[in-house]
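Chains Z and V supply the protein sequences, listed in that same order.
To convert, note that position 75 of the first sequence is 75 in this note's numbering; the numbers rise steadily by one, no gaps.
To convert, note that position 155 of the second sequence is 155 in this note's numbering; the numbers rise steadily by one, no gaps.
Worth double-checking, as some hints may not be accurate.
What the hints assert, rightly or not - Distance ranges between label pairs, derived from CB positions:
#, chain 1, residue 1, chain 2, residue 2, range
1, V, D2, Z, I249, 48 to 54 Å
2, V, K80, Z, E217, 31 to 37 Å
3, V, P191, Z, S72, 19 to 25 Å
4, Z, E126, V, R75, 53 to 59 Å
5, Z, E217, V, T66, 50 to 56 Å
6, Z, P167, V, E202, 27 to 33 Å
Everything labelled a hint here was simulated from the structure, so no lab data went into it.
Glycine residues also receive a C-beta, built at the ideal position from the N, C-alpha and C atoms.
There are 2 protein chains.
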Amino acid sequence: MDLCYINGSFVPLKEAALPLTDLIIQRGVGVFDSISTHLKRPIRLTAHLRRFEKSAIESGIFLPLTFDEMVSIIREGIDKMNSEAVIRPYITGGDVFDPESLTFTAPRLFIIFQETHKPAPESYAEGVALQPIDADRFMPHTKSINYMISFTSQSKDRKAFEILYTPKGEITESSHSNFFLIRNDSLITAPLNRVLAGTTRELVISIASELNINVKERCPLMEELLQAREAFITGSIKEILPVTRIGEIIIGKGKPGPITSKLHRKYLENITQWLE
Amino acid sequence: MDLCYINGSFVPLKEAALPLTDLIIQRGVGVFDSISTHLKRPIRLTAHLRRFEKSAIESGIFLPLTFDEMVSIIREGIDKMNSEAVIRPYITGGDVFDPESLTFTAPRLFIIFQETHKPAPESYAEGVALQPIDADRFMPHTKSINYMISFTSQSKDRKAFEILYTPKGEITESSHSNFFLIRNDSLITAPLNRVLAGTTRELVISIASELNINVKERCPLMEELLQAREAFITGSIKEILPVTRIGEIIIGKGKPGPITSKLHRKYLENITQWLE
Numbered sequence: 001m002d003l004c005y006i007n008g009s010f011v012p013l014k015e016a017a018l019p020l021t022d023l024i025i026q027r028g029v030g031v032f033d034s035i036s037t038h039l040k041r042p043i044r045l046t047a048h049l050r051r052f053e054k055s056a057i058e059s060g061i062f063l064p065l066t067f068d069e070m071v072s073i074i075r076e077g078i079d080k081m082n083s084e085a086v087i088r089p090y091i092t093g094g095d096v097f098d099p100e101s102l103t104f105t106a107p108r109l110f111i112i113f114q115e116t117h118k119p120a121p122e123s124y125a126e127g128v129a130l131q132p133i134d135a136d137r138f139m140p141h142t143k144s145i146n147y148m149i150s151f152t153s154q155s156k157d158r159k160a161f162e163i164l165y166t167p168k169g170e171i172t173e174s175s176h177s178n179f180f181l182i183r184n185d186s187l188i189t190a191p192l193n194r195v196l197a198g199t200t201r202e203l204v205i206s207i208a209s210e211l212n213i214n215v216k217e218r219c220p221l222m223e224e225l226l227q228a229r230e231a232f233i234t235g236s237i238k239e240i241l242p243v244t245r246i247g248e249i250i251i252g253k254g255k256p257g258p259i260t261s262k263l264h265r266k267y268l269e270n271i272t273q274w275l276e
Numbered sequence: 001m002d003l004c005y006i007n008g009s010f011v012p013l014k015e016a017a018l019p020l021t022d023l024i025i026q027r028g029v030g031v032f033d034s035i036s037t038h039l040k041r042p043i044r045l046t047a048h049l050r051r052f053e054k055s056a057i058e059s060g061i062f063l064p065l066t067f068d069e070m071v072s073i074i075r076e077g078i079d080k081m082n083s084e085a086v087i088r089p090y091i092t093g094g095d096v097f098d099p100e101s102l103t104f105t106a107p108r109l110f111i112i113f114q115e116t117h118k119p120a121p122e123s124y125a126e127g128v129a130l131q132p133i134d135a136d137r138f139m140p141h142t143k144s145i146n147y148m149i150s151f152t153s154q155s156k157d158r159k160a161f162e163i164l165y166t167p168k169g170e171i172t173e174s175s176h177s178n179f180f181l182i183r184n185d186s187l188i189t190a191p192l193n194r195v196l197a198g199t200t201r202e203l204v205i206s207i208a209s210e211l212n213i214n215v216k217e218r219c220p221l222m223e224e225l226l227q228a229r230e231a232f233i234t235g236s237i238k239e240i241l242p243v244t245r246i247g248e249i250i251i252g253k254g255k256p257g258p259i260t261s262k263l264h265r266k267y268l269e270n271i272t273q274w275l276e
């Protein structure tokens, strides 16, 4: 059963509610993070919670719990779950924005625990499509709740797994993932000043180094997709997911490629190192 | 007392709540509108509700109530209020996004009724400042709940009344208002393909025509601010509010100007025509 930690206790997620006066509802003011478990232990929990704190601070929201308190609640929630879980801590703007300090003075924190649903095996076997949109992601360094465009834009390509932000032909990231292109045996991915600092992005860069694969941190260009051999997206739940089509453009041979598979195998080999 | 119509009845706003499973909380999926009253009658209710319907449809959300049902609930809510009111109908993404139809199949509708708080008299007497940001408004034709950037960006100029979107030096709109510049006796305001179709924007254009003031629908440029005589922003609650500074740039003589005042007087003269 999915759970929620809210107001100091755990309740079934479907019974949890938030006052309508909260600015997360009225004005979209909220940030969150997503943490995945493996063998019922959280993967890179510290990195995720540090990013969560950073998203909050950059939004003028101060966390009402310490780092250690959040860790302890997350461990307790994982224990209560009967399966691998996705854990999503959220912090909201609360009811009040103080124009003097320019901060939200009474934020609400809640943590959702849900059973993990990974992408279907076919998605890994065949690769997925992305729908490019010529736009920047909103506040790219902050994991805000604003994902609305990822729903509304998908209508252009019903088979797309996610949208891909390609402002002026420069590929930054997709709606829920970081993006990597493989060209001439190098991985190419947008630099951190353009995208959310994905924890799996960071792991992939370190695995690539172990495997002696060169990594270039620059935005891949839409115009070089035709020369690309492979592409993939990364995220805590999807891990490393092959991309075989972007808009109308088929990547490489239109099938998941060997470098993507090699990186994913190495990721799975290493995963126990990252459990906390 | 502020009220909320939700789940078929009116409750005190502070008692209204929304399930945490709703995508308006988890993913920022929701649209709304703001309607103001005068003499306890809604101003341009039809235009606002049509825009609300349009925002919803463009977001893949279908309204569970008919237009007439919404009108009737809004009239009932206004009657229950002891003051002039701001009425905000919201529709959320609900818990479910259907990947086949690409729509939100179980949206939630609620309508908030709050006592009107107009900008302070000094804001009209002295004019307000705007904080320019070099960005586009997110989904400009849709009144989505995503206003987070308007809080986080304001920290650059604590005295700013609102932020002003100025992508590549072209002024589109401010976070909660349409923007008008007055240069050489003409009003200049961004065209409808760049901004939210403000109902007060439309009224100002019609008043300008009555007063034989020329209106140019093109984006005012940041580089022409120094040649501007006056500027103002428009909205249902603020009506016509003089702008006397944008970032570091003082507009005209740094005081509200005669054309802005003339338009606002005419607005107030005409207001009873727009009550429904």
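Here's how the hints hold up against the structure:
no. : hint                          : in the structure
1   : V:D2 <-> Z:I249: 48 to 54 Å   : holds (52 Å)
2   : V:K80 <-> Z:E217: 31 to 37 Å  : violated (58 Å)
3   : V:P191 <-> Z:S72: 19 to 25 Å  : violated (55 Å)
4   : Z:E126 <-> V:R75: 53 to 59 Å  : holds (55 Å)
5   : Z:E217 <-> V:T66: 50 to 56 Å  : holds (53 Å)
6   : Z:P167 <-> V:E202: 27 to 33 Å : holds (32 Å)
Checked against the numbered hints above, the structure violates hints 2, 3; every other hint is satisfied.
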